[in-house]
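Protein chains: 2
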Amino acid sequence: MSQNLGKASVKPEQPVYILNSGSIVGTKEGQGPLGLLFDMVGNDDMFGCGSWEEAESSLQKSAVQLALEKAKVKADDVKFIFAGDLLGQSIATSFGISTYQIPLLGVYGACSTCGESLTVGVMTIAGGFADRVVCVTSSHFASAEKEFRFPLEYGNQRPLSATWTVTGGGAFVLGNEEALAAYGDRPRAKITGMTVGKIVDYGLKDSMNMGACMAPAAASTLEQHFVDFGSQPEDYDKIITGDLGKVGRKVLIDLMKEKGYDISEQHMDCGIEIFDGQTQDTHAGGSGCGCSAVTLSAYILKQLEERNWKKVLFMPTGALLSKTSFNEGKSVPGIAHGLVIES
Amino acid sequence: MSQNLGKASVKPEQPVYILNSGSIVGTKEGQGPLGLLFDMVGNDDMFGCGSWEEAESSLQKSAVQLALEKAKVKADDVKFIFAGDLLGQSIATSFGISTYQIPLLGVYGACSTCGESLTVGVMTIAGGFADRVVCVTSSHFASAEKEFRFPLEYGNQRPLSATWTVTGGGAFVLGNEEALAAYGDRPRAKITGMTVGKIVDYGLKDSMNMGACMAPAAASTLEQHFVDFGSQPEDYDKIITGDLGKVGRKVLIDLMKEKGYDISEQHMDCGIEIFDGQTQDTHAGGSGCGCSAVTLSAYILKQLEERNWKKVLFMPTGALLSKTSFNEGKSVPGIAHGLVIES
Numbered sequence: 329m330s331q332n333l334g335k336a337s338v339k340p341e342q343p344v345y346i347l348n349s350g351s352i353v354g355t356k357e358g359q360g361p362l363g364l365l366f367d368m369v370g371n372d373d374m375f376g377c378g379s380w381e382e383a384e385s386s387l388q389k390s391a392v393q394l395a396l397e398k399a400k401v402k403a404d405d406v407k408f409i410f411a412g413d414l415l416g417q418s419i420a421t422s423f424g425i426s427t428y429q430i431p432l433l434g435v436y437g438a439c440s441t442c443g444e445s446l447t448v449g450v451m452t453i454a455g456g457f458a459d460r461v462v463c464v465t466s467s468h469f470a471s472a473e474k475e476f477r478f479p480l481e482y483g484n485q486r487p488l489s490a491t492w493t494v495t496g497g498g499a500f501v502l503g504n505e506e507a508l509a510a511y512g513d514r515p516r517a518k519i520t521g522m523t524v525g526k527i528v529d530y531g532l533k534d535s536m537n538m539g540a541c542m543a544p545a546a547a548s549t550l551e552q553h554f555v556d557f558g559s560q561p562e563d564y565d566k567i568i569t570g571d572l573g574k575v576g577r578k579v580l581i582d583l584m585k586e587k588g589y590d591i592s593e594q595h596m597d598c599g600i601e602i603f604d605g606q607t608q609d610t611h612a613g614g615s616g617c618g619c620s621a622v623t624l625s626a627y628i629l630k631q632l633e634e635r636n637w638k639k640v641l642f643m644p645t646g647a648l649l650s651k652t653s654f655n656e657g658k659s660v661p662g663i664a665h666g667l668v669i670e671s
Numbered sequence: 329m330s331q332n333l334g335k336a337s338v339k340p341e342q343p344v345y346i347l348n349s350g351s352i353v354g355t356k357e358g359q360g361p362l363g364l365l366f367d368m369v370g371n372d373d374m375f376g377c378g379s380w381e382e383a384e385s386s387l388q389k390s391a392v393q394l395a396l397e398k399a400k401v402k403a404d405d406v407k408f409i410f411a412g413d414l415l416g417q418s419i420a421t422s423f424g425i426s427t428y429q430i431p432l433l434g435v436y437g438a439c440s441t442c443g444e445s446l447t448v449g450v451m452t453i454a455g456g457f458a459d460r461v462v463c464v465t466s467s468h469f470a471s472a473e474k475e476f477r478f479p480l481e482y483g484n485q486r487p488l489s490a491t492w493t494v495t496g497g498g499a500f501v502l503g504n505e506e507a508l509a510a511y512g513d514r515p516r517a518k519i520t521g522m523t524v525g526k527i528v529d530y531g532l533k534d535s536m537n538m539g540a541c542m543a544p545a546a547a548s549t550l551e552q553h554f555v556d557f558g559s560q561p562e563d564y565d566k567i568i569t570g571d572l573g574k575v576g577r578k579v580l581i582d583l584m585k586e587k588g589y590d591i592s593e594q595h596m597d598c599g600i601e602i603f604d605g606q607t608q609d610t611h612a613g614g615s616g617c618g619c620s621a622v623t624l625s626a627y628i629l630k631q632l633e634e635r636n637w638k639k640v641l642f643m644p645t646g647a648l649l650s651k652t653s654f655n656e657g658k659s660v661p662g663i664a665h666g667l668v669i670e671s
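Top line first, the protein sequences correspond to chains A and X.
Oh and the first sequence: position 147 is 475 in this note's numbering, straight run, nothing missing.
Oh and the second sequence: position 278 is 606 in this note's numbering, straight run, nothing missing.
Because the hints were derived from the structure by calculation, they are not lab data.
Just to be clear, a hint being listed does not mean it is correct.
All copies of an identical chain are treated as equivalent in the list; a pair is satisfied when it fits inside any one copy or across any two copies.
[To be verified] Below, simulated DSS-like cross-link-like pairs (lysine-lysine); rule was C-alpha separation at most 30 Å, straight line:
{"hint": "1", "residue 1": "Lys533", "residue 2": "Lys398"}
{"hint": "2", "residue 1": "Lys402", "residue 2": "Lys574"}
{"hint": "3", "residue 1": "Lys402", "residue 2": "Lys587"}
{"hint": "4", "residue 1": "Lys638", "residue 2": "Lys400"}
{"hint": "5", "residue 1": "Lys474", "residue 2": "Lys400"}
{"hint": "6", "residue 1": "Lys630", "residue 2": "Lys398"}
{"hint": "7", "residue 1": "Lys400", "residue 2": "Lys578"}
{"hint": "8", "residue 1": "Lys402", "residue 2": "Lys566"}
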């Protein structure tokens, strides 16, 4: 079999389609530049729940519901769900998707989790283990601040290198040819290759500058991707990172130049797109598992559908920190997973 | 392709072997009934590190090193590593395995994570995406108590239904036919089928009685497994849960009787095997991601190698709680993943 490509990549032989997808976001994201594109925008960031964690769980639940409805699929016809979030022990997932009773494989890759869930989902379908799977990830500004930094009530100052965790959930229904035939409509896109990242740790310790912590991991995965696929930056209409923000973007472009690749033309970052840095006080940009997931669902797939772009490399980036490791003085390692998505 | 079996199961068409494996445990586990079987036993539970979290990271690092050496494989020849642990944001993994520079796909399923990592690892190989992968999981009594319950210094009383988190790490090198040929030795076993569990929540809220919280999930996966594979309890030499302990074992056997299956003859629980409940003050038994992983590596695979058993169902069980969800009054849902392992 030739689905095994290069050192860190795979190339599905059987086509795997994103049949459809769903996105739900909070108020701030709804007011941002992509606001009109999301399937659903909350009236407030509690989404009718009693705690921030419950609110994040409801994001996963709603995103899956939207994706299933749009893909005309019943939960019962989904073989596996690949799901994850940023909270300790992934509780947004544990309490968010249990109602669907779909066999669950939980994934964790910090903010790269959206990319990881799609990677494992594609392998599951292309390997012939399932006709349909769902991949879902979420993040919530308030639950993330509580989990990683300070209680919101503390009102701490944020440096300009800090990013703003996106309140949002994005879900994707992946399917094979038979699932596409049953769907009977145009798929949103297809996923034609993946490069899995490794942990890259430059020793940075600043949890308020995650862009710089993650950029070396993005550069590592990107270089490996070009080698494994024998491709160049100009082979992609866009090379899209998850949540490097303005600081991380600059670091990534510089690191790639050192490696002999100029990606300044193609590079785009979901975290920079999702907020208006001038007016929304989000500093370096948006972040979180939800950031890349909702931007993929609402914006990137739309551009591919409308053939404005034909082929993109979608590469969510993750900062592997916890409050425990941060408080113990450990560094913030990064990881990034890349997926080739074509119209 | 027919690797897609039933509602929640898969059956690899290409054989996937456990080429070899490694286990490392703490002092208490070393003094237990399986003590002499582990590859390595620490002199103390800090393993030469400065914090409990670092100690747990070193368990993953050592387990992987042992498994690679025993499987005569270099890290460079491993395509992916599937890894996870119980700590918030899986930091034992983030800081434990980075030295190997193997592309990482992080998994989370609480104490079922060992089963999940093997499940996704098998699909990756049987799907033709990799020749060799490593699956590793760990837990540490002290880091887990700190993460989920009370600081050790508090010296809290533990009810008899409580389990003792195993300090240990277990790693497995999986490979296909070519990898086996390159290894040139007998594999430890082969994995011939998997059933993925869903979240099952009976509403129990007692984090000191995780056996009862997880037993309904184990029963759900077990029943689905029998249906998907058309099998019966007597088709297995052993049906092995991860860490139900004495309370959970009783609940599982009762629940299965209600479903029409008598598993009292075949059932075994890693958590009950690993400690001597009479003398080691471990109450209901051992628990944690490390519990099922080290028991599989040191004891179960040995029984299969020696043909004392020919076919077992290995089913790690997980309690999907976090200190945040627990403190917010939420229940403790369970999940369990089953794997058929044959000699």
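Status of the hints after comparison with the structure:
1. When the C-alpha separation of Lys533 and Lys398 is checked against a cutoff of 30 Å, the pair qualifies neither within a copy, at 42 Å, nor between copies, at 36 Å.
2. For the homomeric pair Lys402 and Lys574, neither the shortest alpha-carbon distance inside one copy (40 Å) nor that between copies (38 Å) is at most 30 Å.
3. For the identical chains of this complex, Lys402 and Lys587 are inter-copy neighbours only, at 26 Å across copies versus 47 Å inside a copy, given an alpha-carbon limit of 30 Å.
4. For a Cα distance limit of 30 Å, the shortest separation of Lys638 from Lys400 inside one copy, 25 Å, qualifies, whereas the shortest one across copies, 44 Å, does not.
5. For a Cα distance limit of 30 Å, the shortest separation of Lys474 from Lys400 qualifies neither inside one copy, at 37 Å, nor across copies, at 45 Å.
6. In this homomeric assembly, Lys630 and Lys398 come within 30 Å of each other (Cα to Cα) only inside a single copy, at 14 Å, whereas the closest approach across copies is 50 Å.
7. Taking CA atoms no more than 30 Å apart as the test, Lys400 paired with Lys578 passes in neither setting, with 41 Å inside one copy and 42 Å between copies.
8. In this assembly of identical chains, Lys402 and Lys566 lie within 30 Å of each other by CA distance neither inside one copy nor across copies; the values are 33 Å within and 36 Å between.
Of the numbered hints given earlier, the model fails hints 1, 2, 5, 7 and 8; all others are met.
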